[in-house]
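Q: 317 is the number that my numbering gives the last residue of the sequence shown; the numbers go up by one with no jumps.
Calculated from the structure, these hints are not laboratory results. Please read these numbers as outputs of a predicted model, since none were measured by experiment. All C-beta atoms, glycine included, are put in the ideal place defined by N, C-alpha and C. Just to be clear, a hint being listed does not mean it is correct.
Stated by the list, open to error - Computed cross-link-like contacts, DSS-like style, restricted to lysine-lysine with a CA-CA straight-line distance of at most 30 Å: (1) K177 <-> K231; (2) K99 <-> K159; (3) K159 <-> K261; (4) K231 <-> K135; (5) K209 <-> K231; (6) K231 <-> K212; (7) K134 <-> K209; (8) K72 <-> K83; (9) K266 <-> K282; (10) K231 <-> K72; (11) K83 <-> K234; (12) K177 <-> K134; (13) K234 <-> K99; (14) K266 <-> K83; (15) K83 <-> K134.
To be verified - Okay, the calculated beta carbon distance ranges per label pair: (16) F44 <-> D268: 26 to 32 Å; (17) Q47 <-> Q216: 42 to 48 Å; (18) E102 <-> S175: 16 to 22 Å; (19) K135 <-> Q194: 39 to 45 Å; (20) Q216 <-> K282: 26 to 32 Å; (21) M287 <-> G211: 34 to 40 Å.
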Amino acid sequence: MTMCSSCSSGSSSTRSWIVHGIVAGGAIAAAIGAGAYLVRYRKFRSQVVGIIPARYASSRFEGKPLVNILGKPMIQRTWERAKLATTLDHIVVATDDEKIAECCRGFGADVVMTSESCRNGTERCNEALQQLDKKYDVVVNIQGDEPLIDPEIIDGIVKSLQAAPDAVFSTAVTSLKPEDAFDPNRVKCVVDNQGYAIYFSRGLIPYNKSGKVNPQFPYLLHLGIQSYDAKFLKIYPELQPTPLQLEEDLEQLKVLENGYKMKVIKVDHEAHGVDIPEDVEKIENLMPFWIQLMSACIMIEVGITEDFGFVCLFIYF
Numbered sequence: 001m002t003m004c005s006s007c008s009s010g011s012s013s014t015r016s017w018i019v020h021g022i023v024a025g026g027a028i029a030a031a032i033g034a035g036a037y038l039v040r041y042r043k044f045r046s047q048v049v050g051i052i053p054a055r056y057a058s059s060r061f062e063g064k065p066l067v068n069i070l071g072k073p074m075i076q077r078t079w080e081r082a083k084l085a086t087t088l089d090h091i092v093v094a095t096d097d098e099k100i101a102e103c104c105r106g107f108g109a110d111v112v113m114t115s116e117s118c119r120n121g122t123e124r125c126n127e128a129l130q131q132l133d134k135k136y137d138v139v140v141n142i143q144g145d146e147p148l149i150d151p152e153i154i155d156g157i158v159k160s161l162q163a164a165p166d167a168v169f170s171t172a173v174t175s176l177k178p179e180d181a182f183d184p185n186r187v188k189c190v191v192d193n194q195g196y197a198i199y200f201s202r203g204l205i206p207y208n209k210s211g212k213v214n215p216q217f218p219y220l221l222h223l224g225i226q227s228y229d230a231k232f233l234k235i236y237p238e239l240q241p242t243p244l245q246l247e248e249d250l251e252q253l254k255v256l257e258n259g260y261k262m263k264v265i266k267v268d269h270e271a272h273g274v275d276i277p278e279d280v281e282k283i284e285n286l287m288p289f290w291i292q293l294m295s296a297c298i299m300i301e302v303g304i305t306e307d308f309g310f311v312c313l314f315i316y317f
């Protein structure tokens, strides 16, 4: 049986429309799927809080957060630097001491009171996180004893954690100075080819047969700043202390020993932490010159006013 040409033409047209419809539908579905993926990606670990743990009873330097650095307490200088980071939605100070809390409230910081039983900064961050009204995906542990911290490093470790869904932790390293090679207060780190941490130590790693520093090897110094996936941070305190963690007294090792992955970024940064009282003068000498000058002028003004009672010195920049 033969078909008329008009029927054949209509049938071909119908098939053509069906094919085009299937192709168009597939394209739309793909676009919707891609759009949904991008939305999920943008939302992945998107809410970030910075927490500055601060305790008064430090064995090496009691009252360290309140030490004066060119006219301001160290905790304030750290908070002001952290405020410059672009990835933080909120910043709080977590402390167990009312003197520190009162000081921080005085310069405008939000404060969360935590217990004295916290064994390290990570546990203090976790306790503070549970008290916050808003839910966060990433928590940045900002060391309160590095008042010269670069806000770009804060942003860097946050972005590295957001880009590494298989990691629960991120941190930063920089080049180790030869004179710091055997200083136990300067923690060293080794990483794999993918930028994940292998080990941390207070000793020199890697350690060669000669027992001396190899000037050609790019040793890495761990910077104290760390960020965590908020869900992992809730798990962390429940993990039992591990042998390497206890031996080195480094909380990062408990993460690695339990099989979790830690992303590491390398930055060009001079590490200037305050570990002992003698470090304060070093930090002050490294502060930008205009800050040093302004601080000196303020001290002159206060001194004159206290001595004479009626003389005021006004200096304009």
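Q: Which hints from the list above does the structure break, by number from lowest to highest?
A: 1, 2, 5, 6, 7, 10, 12, 18, 19
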